[in-house]
Amino acid sequence: MKLRLSPQTLQVLDAFLQVPKDWIYGYDISRNTGLKSGTLYPILMRLAERKLLETSWEMAEVGRPPRHMYRLTPEGMRFAKEHHLQPPTRRLARVAFDGMDI
Amino acid sequence: MSVTRRLALRLLGVAVRHSSSESQEWARAMLSELDFIESDWAALFWALGSARAIFKYSLPRQLRAWLGKRSSQEEGPMLKLIRRNAAGTLSGIGIAVGVLVAAFGLVRGLLVIFPASTLKGVESAEMLALIVLPETIFVVAAVALWRKRRPMAVGLVLSAVILVAHVVVHLTTH
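Going line by line, the protein sequences match chains A and B. 1 is the number of the first residue of the first sequence in the numbering used here; add one for each residue after it. 1 is the number of the first residue of the second sequence in the numbering used here; add one for each residue after it.
To be clear, the hints were calculated from the coordinates, so they are not data collected in a lab. In this text, a Cβ means the ideal position worked out from N, Cα and C, and glycines have one as well. Take the hints with a grain of salt, since some may be wrong.
[Stated by the list, open to error] Interface residues of chain A toward chain B, partial, derived using beta-carbon atoms under 7 Å:
| hint | residue |
| --- | --- |
| 1 | G34 |
| 2 | S37 |
| 3 | Y41 |
| 4 | P42 |
| 5 | R64 |
| 6 | R67 |
Take these sequences, add in the hints, and give me the full structure.
Here it is as structure tokens:
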């Protein structure tokens, strides 16, 4: 099955590409991308189903629940780099800066 | 703990309990994140979004699993039974049609050999051969087959009823 590359999926992939080797928590991805949990988790589920994302449970501190963490697999990393698109705002910003003589 | 956070916890707890087995891990992941969200309102919105994601993922899978189970458990034998009954009834009707065609052929053959002008009471003999005799055969055969081959007996009874109805309609209109 082909993965639907919506702008939100690209945003999530972009968030992973910013810290390629680190494990990230769901809430942190949500804060970084501005995506709500109802949008973010279906994307993470689809990425994990296609073996582009690996998941792990972090050992918790006492009195706190364990947290689920996510990281792109090598295949996921290749996929993310292949489909990585600059968000329109950033692209525009880059064009604007490129045009300036600093 | 505030009412808002308690509501968020309860809502997500319900969603986790009703999630499909495939989404259980993800549901628990969303629930555990709730503890790390500082604002109560943000926690409630997180719970609402998560519950939506869980149900959106779980409902189609649970429905598909339930339908698959039902079709494999119930529809297989049911379809087989319906097919067997239909075949039995159709064969009963086929036998009845065969008997009627044979009776009609016999009567026509006898009339060719012995023309109607030479015989007395041809109409009553025709009636006997085409209606009374086949009807008797149908009823006797249906009674005999009722226990062992009920669908076939039903086919014969149905044919007998149709024949009687045809005769009644014929007699009333002519």
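Hint-by-hint comparison with the structure:
1. G34: violated, 13 Å
2. S37: With a closest approach of 4 Å, the S37 (chain A) hint holds.
3. Y41: holds, 4 Å
4. P42: Cβ of P42 (chain A) sits 5 Å from chain B, so the hint holds.
5. R64: Hint holds; R64 (chain A) Cβ to chain B Cβ min 6 Å, cut 7 Å.
6. R67: Hint holds; R67 (chain A) Cβ to chain B Cβ min 6 Å, cut 7 Å.
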